[in-house]
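Chemist: Take a look at the letters that make up each chain.
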Amino acid sequence: MKKIIVVGNGMVGYKFCEKFVAQENAENFKIIIFGEEPRPAYDRVHLSEFFENQNAKALEMAPATWYADNGIELITGERVADINRTEKTITTAKDREFAYDYLVMATGSSPFVPPIKGVEKEGVFVYRTIEDLEGMLAYAAKLKAEKPNAKAAVLGGGLLGLEAGKAVLDMGLEPHIVEFAPKLMPRQLDTRSSQVLKLKLESIGLNIHLSKATNQILGDKFITGMEFGEDDILNVDMLIISAGIRPRDELAKACGLDVGVRGGIVVDDTMKTSDDNIYAIGEIALYNQMIYGLVAPGYDMAEVAVQQVLGNSEVKMAEEIDMSTKLKLIGVDVASFGEPFMPASKGHSIIFENKTEYLYKRINVSLDGKSLLGGILVGDASDYNMLHQMYLNDMKIPENAAQLILPASDGASAFGDVTDLPDEAQVCSCESVTKGQICAAIENGEATDVAGVVSCTKAGTGCGGCKPMVTDLTNATLKSLGITVKEGVCEHFDLSRQDLYQIIKVKGYTTFNEVLDNHGNGGHGCELCKPLVASLMATINADTANKEYAIQDSNDRFLANIQRNGTYSVVPRVPGGEITPDKLIALGEIAKKYDLYTKITGGVRIDLFGATLNQLPLIWKELISHGFESGHAYGKSLRTVKTCVGSTWCRYGMDESVSFGIELENRYRGIRAPHKIKGGVSGCIRECAEARGKDFGLIAVEGGWNLYVGGNGGATPRHAELLAEQIDNETVIKYLDRYLMFYMRTAKPLQRTAAWQERLEGGLNYVKEVVIEDKLGIAEDLEKEMQTLVNKFECEWTQAVNNPEMMKRFNHFVNSKDDDDNLVFVPMREQKMPEPWK
Amino acid sequence: METILDTYKATKIEAVNVWFKAASVNDFPADGGACVKYKNKQIAVFNFTRLGKWYACQNVCPHKMEMVLSRGMIGDDKGIPKVACPLHKKTFSLESGENLNGDLGAIATYPVKVEGNDVYIGFSE
Ligand code: SRM
Ligand SMILES: Cc1cc2nc3c(=O)[nH]c(=O)nc-3n(C[C@H](O)[C@H](O)[C@H](O)COP(=O)(O)OP(=O)(O)OC[C@H]3O[C@@H](n4cnc5c(N)ncnc54)[C@H](O)[C@@H]3O)c2cc1C
Ligand code: SF4
Ligand code: FES
Numbered sequence: 001m002k003k004i005i006v007v008g009n010g011m012v013g014y015k016f017c018e019k020f021v022a023q024e025n026a027e028n029f030k031i032i033i034f035g036e037e038p039r040p041a042y043d044r045v046h047l048s049e050f051f052e053n054q055n056a057k058a059l060e061m062a063p064a065t066w067y068a069d070n071g072i073e074l075i076t077g078e079r080v081a082d083i084n085r086t087e088k089t090i091t092t093a094k095d096r097e098f099a100y101d102y103l104v105m106a107t108g109s110s111p112f113v114p115p116i117k118g119v120e121k122e123g124v125f126v127y128r129t130i131e132d133l134e135g136m137l138a139y140a141a142k143l144k145a146e147k148p149n150a151k152a153a154v155l156g157g158g159l160l161g162l163e164a165g166k167a168v169l170d171m172g173l174e175p176h177i178v179e180f181a182p183k184l185m186p187r188q189l190d191t192r193s194s195q196v197l198k199l200k201l202e203s204i205g206l207n208i209h210l211s212k213a214t215n216q217i218l219g220d221k222f223i224t225g226m227e228f229g230e231d232d233i234l235n236v237d238m239l240i241i242s243a244g245i246r247p248r249d250e251l252a253k254a255c256g257l258d259v260g261v262r263g264g265i266v267v268d269d270t271m272k273t274s275d276d277n278i279y280a281i282g283e284i285a286l287y288n289q290m291i292y293g294l295v296a297p298g299y300d301m302a303e304v305a306v307q308q309v310l311g312n313s314e315v316k317m318a319e320e321i322d323m324s325t326k327l328k329l330i331g332v333d334v335a336s337f338g339e340p341f342m343p344a345s346k347g348h349s350i351i352f353e354n355k356t357e358y359l360y361k362r363i364n365v366s367l368d369g370k371s372l373l374g375g376i377l378v379g380d381a382s383d384y385n386m387l388h389q390m391y392l393n394d395m396k397i398p399e400n401a402a403q404l405i406l407p408a409s410d411g412a413s414a415f416g417d418v419t420d421l422p423d424e425a426q427v428c429s430c431e432s433v434t435k436g437q438i439c440a441a442i443e444n445g446e447a448t449d450v451a452g453v454v455s456c457t458k459a460g461t462g463c464g465g466c467k468p469m470v471t472d473l474t475n476a477t478l479k480s481l482g483i484t485v486k487e488g489v490c491e492h493f494d495l496s497r498q499d500l501y502q503i504i505k506v507k508g509y510t511t512f513n514e515v516l517d518n519h520g521n522g523g524h525g526c527e528l529c530k531p532l533v534a535s536l537m538a539t540i541n542a543d544t545a546n547k548e549y550a551i552q553d554s555n556d557r558f559l560a561n562i563q564r565n566g567t568y569s570v571v572p573r574v575p576g577g578e579i580t581p582d583k584l585i586a587l588g589e590i591a592k593k594y595d596l597y598t599k600i601t602g603g604v605r606i607d608l609f610g611a612t613l614n615q616l617p618l619i620w621k622e623l624i625s626h627g628f629e630s631g632h633a634y635g636k637s638l639r640t641v642k643t644c645v646g647s648t649w650c651r652y653g654m655d656e657s658v659s660f661g662i663e664l665e666n667r668y669r670g671i672r673a674p675h676k677i678k679g680g681v682s683g684c685i686r687e688c689a690e691a692r693g694k695d696f697g698l699i700a701v702e703g704g705w706n707l708y709v710g711g712n713g714g715a716t717p718r719h720a721e722l723l724a725e726q727i728d729n730e731t732v733i734k735y736l737d738r739y740l741m742f743y744m745r746t747a748k749p750l751q752r753t754a755a756w757q758e759r760l761e762g763g764l765n766y767v768k769e770v771v772i773e774d775k776l777g778i779a780e781d782l783e784k785e786m787q788t789l790v791n792k793f794e795c796e797w798t799q800a801v802n803n804p805e806m807m808k809r810f811n812h813f814v815n816s817k818d819d820d821d822n823l824v825f826v827p828m829r830e831q832k833m834p835e836p837w838k
Numbered sequence: 001m002e003t004i005l006d007t008y009k010a011t012k013i014e015a016v017n018v019w020f021k022a023a024s025v026n027d028f029p030a031d032g033g034a035c036v037k038y039k040n041k042q043i044a045v046f047n048f049t050r051l052g053k054w055y056a057c058q059n060v061c062p063h064k065m066e067m068v069l070s071r072g073m074i075g076d077d078k079g080i081p082k083v084a085c086p087l088h089k090k091t092f093s094l095e096s097g098e099n100l101n102g103d104l105g106a107i108a109t110y111p112v113k114v115e116g117n118d119v120y121i122g123f124s125e
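As you go down the protein sequences, you meet chains A and B in turn.
If you count by the UniProt record's numbering, then the first sequence holds residues 1 to 838, one letter each, in order.
If you count by the UniProt record's numbering, then the second sequence holds residues 1 to 125, one letter each, in order.
Quick caveat, the hints were computed from the structure, so don't treat them as lab data.
For every residue, glycine included, the Cβ atom is placed at its ideal position computed from N, Cα and C.
Each hint should be verified, as a subset may be incorrect.
[What the hints assert, rightly or not] Derived CB-CB ranges, DEER-like:
hint: 1; chain 1: B; residue 1: Glu14; chain 2: A; residue 2: Asp821; range: 23 to 33 Å
hint: 2; chain 1: B; residue 1: His88; chain 2: A; residue 2: Ser203; range: 25 to 35 Å
hint: 3; chain 1: B; residue 1: Lys21; chain 2: A; residue 2: Gly205; range: 56 to 66 Å
hint: 4; chain 1: A; residue 1: Arg85; chain 2: B; residue 2: His88; range: 54 to 64 Å
hint: 5; chain 1: B; residue 1: Lys53; chain 2: A; residue 2: Glu761; range: 40 to 50 Å
[Claimed, not checked] With a cut-off of at most 20 Å between alpha-carbon atoms, the simulated PhoX-like pairs for lysine-lysine come out as follows:
hint: 6; chain 1: B; residue 1: Lys90; chain 2: A; residue 2: Lys838
hint: 7; chain 1: A; residue 1: Lys57; chain 2: A; residue 2: Lys30
hint: 8; chain 1: A; residue 1: Lys326; chain 2: A; residue 2: Lys183
So here's chain B without its partners, still in its complex pose (with noise of 0.2 Å):
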């Protein structure tokens, strides 16, 4: 099972050597999220848009390996950026990855851009 969470490495802009760009701003619902398709990864992107901002991260949920977090929730812990996993909603930080209401392992974050209408995700490979 391991081999999943493997394939997703929290990802520092400054790591970034590819821009993928993954779907337009209207793809995604205010304030909501969707999943986007790389390569062999899932990535759940989240339109944040009472913050003016966007966060992606991995879209396997670490405490049952589902491919569900793009479907969760999103709204913020005492001014934390979070998510909610729809199946037992545990919590994770969109910016740091940690889990706020639990001791599972950090969910990987990418960067996003939005240039015009396009959205983009920021990988290292």
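Same shape as in the complex, but just chain A (with noise of 0.2 Å):
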């Protein structure tokens, strides 16, 4: 049996064990793989979700228990130190000595600390393993504990630079990006597209500081600064360092390996070294004098490492090597793709640039406009997939090739369609995955759904970039099997909420059981389902959430949003934001009665946290003396209208924008729709009631409003977009009950409004003819429906204090009056708040 040894347990040395224990005659070798690291390998491309969840097991490229089930010794937390290699052997840093035949170097890469005075200090962090992330957690979290504006600097913009400057900015510390270059990813963006980068990145907090040459680190023990020039300081509290990174090759080197003048283990096109018995693979090999710190390329090298050993000596390393790269996690999309910087002389680019939107995009097209060299995308890059693949596949390209990139005026893509990509298409580059594959997969059985296709073919298991990809390729697949893409909503019903919609509706069903054992799949409902056919029944039968109080949601069940610590908040509907002092006065001795840590919210109005289930009703009996009702805060239904003080006091005001949005909001109060609606007035264009960040907004104009539909802040904010002009009151409540009827009968569950309207086939142009020139014949029904709404509506609140058998629910113990005995608050600037959490 022969003996390979591994030296790393890296991305790249755990894939050469994987593809190797999957070939034929692998029992014939014996592999054994060392790693420094105190863990088995891990997935480094997505080492910054560490920072979210701290689960390095979440992580791991396979458990230790796979390598002793694939016969494979795994020995980590010891480095190997020195390679002998007339005798053929290995010695550890133990001192413990190891035979090899086959020797397989992947080493990896080092961060690169450039030699600047002061480096070594306290608080200066490189981003490459678990550890130091564990480190800068600990570090910002001291930091923060001391001082409540702490700064972070990152000192490289280059891709894994904005990476960590993300993570600064989640470790609540005020970001810093200093990059010696004049331009940003200077490796993957034109200066142009640098510059609206720049722009969108200070739009979201970033501070970006460009051509700053550090000199050195300030500070005694710790860093407090770092110097540029005389006179020239940035103050800082900790800094990260990603200015590139340096092959691993000092053990090549001391064993006399041919290495690169900048470092890296010189390979050929089979991935041997300089000696016949040793593979170099991953960021430690120098293979067209070039390091690739880029897994794709590392995974690619141990496959052929994998056929070389095994003797397939045909199996060789592509020439060109593909560096197409999408930045990701910061929110921004950026993405550059084959030669983003192409000679004149080679082709020309088409170039389109909108900096108030911050976007760029560019393609480069060949001399005759037949193909597509390469190109940069910032601000959106939804069609990195499919332009990565024209440039791959060297697929036809549209006779105006500008269309590519331009904003399709009428909806239409210019693409075609996903299964217009030949076979041989590499959709997923890190696990090399072709479209013929993820097809044959779902064509021959062995997968059903995306996940069944990502389980085994393994396509988007590494950066991930190609999901959107293969779920298309899926979906089309299936559809072209004939069969249905299941949209059930969960395992007990196979049916869509759209279908449930018609289905309560059509038979008149007033409990969940009903629906339940008559459509169903036979089991007993689950926390999917319980609260979705809830809000169906809400919205078809204008029940209030009171109604089968078991198979709402956490926060509806109890008319409150659930925190923390068990206890829950109190949120009373002030319409419009419209308050009297009185109510204001009220509002605050109700709060100071039961001791509630009080708080402004963004939805213009006040909440009062930290009530228990037993004083729930209690508060709110004196709130509804008060005149509040419930502000379904907790509910998916509208929350606020915000709007802006207007003409009755604004000197630019050119409508009343209180009295309007007063209206509104307690005309849409109560309804139950797929998620949550808000809306905003503002009355004029300087937009103070932000309305075009609302899933409805209106913004007074010179005759009338302009109506904005399907905006949305929170994970994926969206710009409202323009439905009708220039309309009067009247007008505008009849488009909106017709809007949003319609989306709470067509909407999935828990879509907002601009996820519904993005993905509507025809978009704003349909909604356009259904709403305004009433295309499916239907405007009537909908405003009947939504005015039969509004004219049943009650305050659930007011029901529930009113009624001893609904308030039966508001006890923490059905046998005891007492309350929760677990509960610790602790001070918080003059008020309180819930203990934290171990």
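Join the two chains, each given in its own frame, into one complex according to the hints.
Modeler: Following this line, the structure appears as structure tokens:
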């Protein structure tokens, strides 16, 4: 039996093992893999996720047991210290000796730390391993406890530096990016796109410093600042260095293998080094005089090395290596593919730039106009996968290539369909999975959904960038086989929300059990389908959440938002944000009486936190006696209609935004929808109410209101789009009734208007056809249904406190009047908060 | 924090020494739950009407140690009766106590019996 020793248990070393044991004659070999880090190989590409959950296990490429199960000896926490090429042995730092027939060097890289005076100070970090991140988290926590507005800088504005910038932002420190070059992401972006990116990053709170050479790091024991030149100082409390990588070739150098001038073990296209028995793969390998700092080429190298060791000498590394990349995490789309910077002699560039929306798109087209050579996308990279495929497969491009990047005027795509891709198209470059393999997995019955395709082809398990395309391909293939893509809401129903809506309406069901028994799969329901059916029955039958409370979602069940310690918040409605001094006083007095934490919300009203279940009805009784009613902050229903002061007071106001906002809030209060709905009304185009960030927004203009729909803040912000211009109050209400009701009838569960509108076939134009032109002939029905809901409105808190039977549920114990004895509050800025989770 | 969890030990019907009369049947919603106080314990009790069964478990969710499970929604996961915590929707088998959608430790479950209109929970002490 031959022995293979792998030095380095990183992503590529692991991949070598995985690929090796999948081969037929693998059992004739014994693999020992050494890793210097304390744990088995993990997914460095997704390292930043560690900030979110601190779950190192979730990042593991495979658990330690996997190696044992596959006959591989895994030795972690032990560095290989020496190689004796004549004896074909290695010695570890613990002075143990092992013999090999083949040696695979997969030692990767370490972060390059520039020789700046003071880099050794406390508070200076690199960004490569889980231990690095743990160090940063601990340091940041300490900083924040001492200094509320601590600052942290990242040295390096490349792909990784920006990812680190996001981490700084998430750790709650003021983020600064310091870059030596005059532009960001110098390897991927041209000057103009880099400027657009800079503006965008600044808009989300990153401070960018370009053309800065750091002379020294200031501070005694720990870092207090960075000095660029005389009088040019940036005060920071922490620094993350992300200035490039250096291959870890110290071992190779010591044993006399050929290495490059700037580091890296020289390999040929068989991954062989200058020693016939030694291979090098991943970020240590110098191939074509390049170190490829990406996983995909590393995985290809692993494949080549596996085949070479097994004697399949025809398998070689491709000559050209695709370096297309997409920036992840930071929440700004940036991608570059092929040749992003192309000399004019090779082709023409088409550039689209819109700085107001932080958009930049460039494609490079061959001189004959037939093929795509590369490009850059900033601000919107949603077409990256398709463009990247066109480039990789040298697909024909439209005669007017500009269509590929210009905003489509008719919503039609210039790309055609994913199914047009050739079978050889490599969809997942990390795992080298082609379109043909994905489709085959479904056609031969191996997989029946996206999860299945992912698990049997491994597509999408690397950087994950191809996931949307894998999903589209899966769905298209299923469709072509005549299989309807399941839209069932959960294991209990094969039906979609839209189907359930129709069924409940037509059959007139009024309880969950009727729906489940007649249309379910035989189970007993769950936390997905119960709240959904509750919401549908509320929309259709104008029920409040007091009806069948055991099927209501956590918050609806107790008509209040549950907080982290199991207490609740109380948010009375303050329509349009207008409130009298007397009502303000009442809120203050009630908050004081029940010792509630008080805060103004982002939705122009007041939130009282920390009420126990037992206290809720007592508080609400008092609020109701002062004329308040439920604010439905807990429901998937109308939240607030935010208003600006408008023409009653404001010197620029064109119309009474407050009056109209109150009218709209009162009109739509209480109705249950697929997700929450928010509105805004501004008195003029200065837009102080941020109406275009809401599900519906109105802006007063000369001659009426402009009505916008489908805006969203939250996780995926989107500006609302103009539905109608210069319309009067009555028309606004008519269109809004129709729009909202159409949304409530057809959206998916928990889909906000923005996502719904975007995915409607035909987009905004279709919405206009239905809502304004009444193409479907349902406008009158929609208005009637909405009017019924408006007429039947009842404040559910008033309903609850007046009904002893309903009140029973607001007791912490059924057999005692006591409160939860597990609650602990701690003081905070003259108020209180729950004791933090351990 | 471990001390809260130590208060709750899964109890099999054979080990029951005390049948505690908790409340009456109509104190509990159909297919829903409520919380019962027994000495220093908080016990979530569920009336699984669709199955015609009753279940009891610790009220404290092992995820963040909050007393909330009785306010969770019940249902089934491929036939296993379960409760979903109202805070982050971790789900637990009402029969074995096992965490069905994660790797939290199992919650303690207790036997329940109904006699006439009264609901009893079984404890070993
Ligand atoms: C209290 C408040 C924060 C504050 O202190 O200001 C708040 C608090 C919560 N928000 Fe919010 N949001 C609050 C304004 C907002 C805003 C600002 C606004 O309305 O103008 C937004 C962005 C605008 C938007 O929605 O488009 C906002 C976007 C979200 C989202 C993301 C929604 C999305 O489409 O991505 C969630 C999560 C969700 O709903 O799934 C959320 C969810 C939540 C929940 C309900 C999370 C939860 O389930 O516990 C928080 C508990 C509320 C409570 O009372 O306990 N909250 N939340 C604000 C209450 C406003 C109100 O008076 O009702
Ligand atoms: C935060 C971050 C984000 C990234 N994002 C992306 C991305 O989006 N896309 C992308 O393609 N790439 C990305 N990368 C790069 C990618 O992680 C690397 O290309 C990949 O990890 C290289 O794999 P490797 O096995 O060659 O090296 P490594 O993963 O570094 O593994 C080498 C291992 O060998 C060990 N070792 C070294 N010397 C010895 C020795 N003498 N004895 C024993 N063990 C030794 C090291 O400790 C290390 O564990 C990212 C990297 C980081 C840090
Ligand atoms: S939006 Fe116009 S009317 Fe309203 S406050 Fe601003 S400037 Fe005044
Ligand atoms: S506290 Fe129960 S799931 Fe988080």
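Chemist: Decide, hint by hint, whether the structure agrees.
Modeler: Going through the hints against the structure:
Remark: the range hint 23 to 33 Å for B/Glu14 to A/Asp821 is upheld by a beta-carbon distance near 30 Å. A beta carbon spacing of about 32 Å between B/His88 and A/Ser203 agrees with the range 25 to 35 Å that was offered as a hint. Between B/Lys21 and A/Gly205 the beta carbons are some 59 Å apart, a value that agrees with the proposed interval 56 to 66 Å. One distance hint, 54 to 64 Å for the beta-carbon pair A/Arg85 and B/His88, holds here, with the actual separation near 55 Å.
Distance hint check: the CB atoms of B/Lys53 and A/Glu761 are about 46 Å apart, consistent with the given range 40 to 50 Å. Between the alpha carbons of B/Lys90 and A/Lys838 the distance comes to roughly 18 Å, so the proposed pair stays at or under 20 Å and holds. A C-alpha spacing of about 26 Å is found between A/Lys57 and A/Lys30, which places the hinted pair above 20 Å, so the restraint is violated. Under the criterion of a C-alpha separation no larger than 20 Å, the hint pairing A/Lys326 with A/Lys183 is consistent with the structure, at around 17 Å.
Violated hints amount to a single one, hint 7; each of the other numbered hints is respected by the structure.
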